[in-house]
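Chains as they are written, first to last, in this note's numbering: chain A, 1 to 408; chain B, 1 to 225.
Hints are computed from structural coordinates only; laboratory data are not their basis.
Do not rely on the hints blindly, as some may be mistaken.
[Said to hold, decoys possible] Straight-line C-alpha distance at most 20 Å; calculated SDA-like pairs for lysine to any residue:
hint	chain 1	residue 1	chain 2	residue 2
1	A	K167	A	S211
2	A	K8	B	D114
3	A	K296	B	I64
4	B	K79	A	S371
5	A	K398	A	G346
6	A	K128	A	K167
7	B	K19	A	K128
8	A	K297	B	K6
9	A	K398	B	K6
10	A	K8	A	S211
11	A	K296	B	R210
12	A	K8	B	K56
13	B	K61	A	T308
14	A	K8	A	V402
15	A	K297	B	P139
16	B	K12	A	V402
17	A	K296	B	P139
18	A	K297	A	E403
19	A	K398	B	A140
20	B	K189	B	R210
21	A	K309	B	K12
22	A	K296	B	T58
23	A	K8	B	E119
24	A	K8	B	R138
25	A	K296	B	K6
26	B	K6	B	N75
27	A	K8	B	K115
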Amino acid sequence: MNLITLIKIGWRNIWRSRKRSLVVIFSIILGLYGGLIIASLMITLNDQRMNTAIKTYLADIQIHDKKFSEEYSLKDTIYNIQSIEEKLKSDKRVKSYSKRTVINGMLSNATGSYGVNVLGINPENEIKVTSVYNKIIEGDYFTSKRPNTMIVGKKLADKLNLQIRSKVVIAFQDINGDITSLLFRVEGVFKSGNSMFDDNNVFVKNNSIFSNLPDLKGYHEIPILTTNSNLTEVLKSDLQNISNSLDVKSWDDIAVELAYANKMISSFLYIFMLIVLCGLSFGIINTMLMAILERKKEIGMLMSIGMTKWYIFLMICFETIFLSLVAIPFGILISYITVDYFSVQGIDLSIVESGLENFGIGTVLYLKLPSEYYFNLGLLVILISFISSIFPAIRAMKINPVEATKSI
Amino acid sequence: MIQTEKLNKIYKQGKLKVKAVNNVNLKISDGEFTAIVGPSGSGKTTLLNCIGGLDKPTNGKVTIDGEVISSYPSNKMIKFRLNNIGFVFQAYNLIPVLSAKENIEMIMLMQGYDKQEREQRSNDLLNEVGMGNMSKRRPAQLSGGQQQRVAVARALASKPKFILADEPTANLDSISTAKLLDIMSRLNKQENITFIFSSHDQRVIDRARRVITLEDGKIITDKKK
Chain A
1 MNLITLIKIG WRNIWRSRKR SLVVIFSIIL GLYGGLIIAS LMITLNDQRM NTAIKTYLAD
61 IQIHDKKFSE EYSLKDTIYN IQSIEEKLKS DKRVKSYSKR TVINGMLSNA TGSYGVNVLG
121 INPENEIKVT SVYNKIIEGD YFTSKRPNTM IVGKKLADKL NLQIRSKVVI AFQDINGDIT
181 SLLFRVEGVF KSGNSMFDDN NVFVKNNSIF SNLPDLKGYH EIPILTTNSN LTEVLKSDLQ
241 NISNSLDVKS WDDIAVELAY ANKMISSFLY IFMLIVLCGL SFGIINTMLM AILERKKEIG
301 MLMSIGMTKW YIFLMICFET IFLSLVAIPF GILISYITVD YFSVQGIDLS IVESGLENFG
361 IGTVLYLKLP SEYYFNLGLL VILISFISSI FPAIRAMKIN PVEATKSI
Chain B
1 MIQTEKLNKI YKQGKLKVKA VNNVNLKISD GEFTAIVGPS GSGKTTLLNC IGGLDKPTNG
61 KVTIDGEVIS SYPSNKMIKF RLNNIGFVFQ AYNLIPVLSA KENIEMIMLM QGYDKQEREQ
121 RSNDLLNEVG MGNMSKRRPA QLSGGQQQRV AVARALASKP KFILADEPTA NLDSISTAKL
181 LDIMSRLNKQ ENITFIFSSH DQRVIDRARR VITLEDGKII TDKKK
């Protein structure tokens with residue numbers, strides 16, 4: 001007997017009890033759909049969290065002076081910044097960069113005080129690297145001609161009851177170790193999508209910093225955006241070679257928790273989907289056992305006339321695999337359509353806005369799912385179907401033809 | 001030639017031992033048209049199961065053309081059945097998802113016949129049993145008598161040395177029974193195919209040329225007509 005005949009019999013057998021087969025097929029479709037949509041949601045949430053962080057403040061790469069990375073002291077500015085800038089300007093992998101001063105200080109007003117990270121920026125350059133300018137919800141992004149203006153995060157503004165044009169004082173240790181205070185006015189309020197960032201960071205113009213701190217001669221941070229995120233690691237290593245005094249870090253070195261989540265998500269998703277499919281496999285096993293019980297006489301007859309146990313085993317395996325082969329294209333297709341639709345329309349999760357913002361995720365999710373997930377999950381379903389078929393197939397092999405047919 | 005020597009088959013029913021076949025010595029030559037008859041529980045089916053290699057005798061031998069098949073291991077027995085024995089079942093036992101022709105072809109597929117030979121032989125056999133015009137119908141689209149005729153064609157498809165038929169007419173009406181017996185009788189006479197039936201249908205007994213009567217697993221009479 002050749003395999004084609006077995007395949008033909010197996011294929012026809014699954015349509016003998018249409019309702020039962022359709023129930024199994026629908027459950028496989030739903031399992032696959034559920035698995036793929038959850039995978040898509042998780043990947044989208046993770047990507048969105050990562051992208052929010054990169055676009056809002058991290059950029060792809062950051063350069064600091066090594067000592068600054070250790071002590072966060074104002075005096076540890078980046079040495080020989082001109083040569084670094086020349087290198088960045090000539091490197092085609094660099095999309096844009098900016099220069100920042102970074103001050104850790106205490107922001108106070110009549111309502112209270114709060115520890116913040118003050119990022120001094122050149123507004124025109126920063127636009128090319130990060131998207132804070134795009135996240136202004138009140139006021140403006142450094143359009144005022146006043147010298148000391150500041151934009152603050154929404155969460156911090158709410159906490160300290162800050163309004164546009166409110167006055168705040170930032171106190172910090174200057175280059176000489178003396179406590180210095182600077183007065184700023186709130187010019188704008190931003191909402192980055194990451195409430196933790198909005199709570200701890202304020203932006204001011206570099207000019208304001210330099211004019212108030214004449215002893216500060218350089219910058220502490222160069223955030224760099226690459227043309228392609230795949231080039232980040234190579235560029236990072238090339239930039240590190242410029243000088244040993246530099247501390248060049250990619251976004252995943254700086255935001256370790258984000259990088260860890262990004263690395264873990266794939267393994268986590270496959271484990272999750274495996275659990276879903278294992279649950280499904282019990283349904284498949286049950287259905288196939290019922291099918292075998294119904295066809296006991298027929299299987300006994302096949303054994304009587306000379307079909308070997310191995311072929312009986314294969315026939316049952318084929319039937320089970322066919323059920324999944326019918327279900328997989330539908331499961332993948334509806335998952336693809338759903339992901340494609342919501343990749344454009346987005347899923348509005350504004351009802352859980354505050355919760356999402358705590359994780360640095362926006363309220364509208366634009367679903368995405370790499371094609372390898374469709375392929376791998378499809379293979380996983382076939383594998384689970386095959387494994388599910390083994391027990392029923394062994395039961396079929398053990399059928400006694402005499403008992404099954406009751407007579408010859 | 002089919003031969004049984006001191007054939008015994010004992011079943012255990014709880015603590016009871018039931019002798020279904022009791023010391024049966026039997027010789028059936030090629031070309032015979034034999035009916036094994038007897039009341040229910042007399043051991044007809046068990047004797048056929050032992051001759052067909054579906055059941056292993058408790059002791060004694062079944063020899064077919066000099067080969068002691070009762071000692072064959074399971075896999076060898078399956079292959080032997082495939083190439084040497086045709087089976088006709090009381091409940092037809094056709095595969096419901098295959099057409100009449102495909103049911104016949106399937107056994108030849110197992111034997112490894114090529115497509116052309118399968119086509120030719122299955123068409124010939126369907127014509128032989130008067131089912132040539134229903135080759136594409138599935139079992140559910142055939143009457144009981146038609147299904148049993150297809151089952152006979154399937155039994156013949158493997159070119160067996162003999163055909164074992166257990167109560168082949170039990171589920172058939174008188175017209176279908178007569179047609180089926182005509183076909184089997186013709187095949188026996190024209191092509192010298194050996195048929196062994198188990199039956200208590202008088203119409204089968206009347207057509208048989210040898211009638212072996214069993215009671216309590218023992219041969220009571222063995223009459224040739």
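#### Entry: Indices of hints not satisfied (ascending)
Failing hints, ascending: 3, 4, 5, 6, 7, 8, 9, 10, 11, 12, 13, 14, 19, 21, 22, 25, 26.
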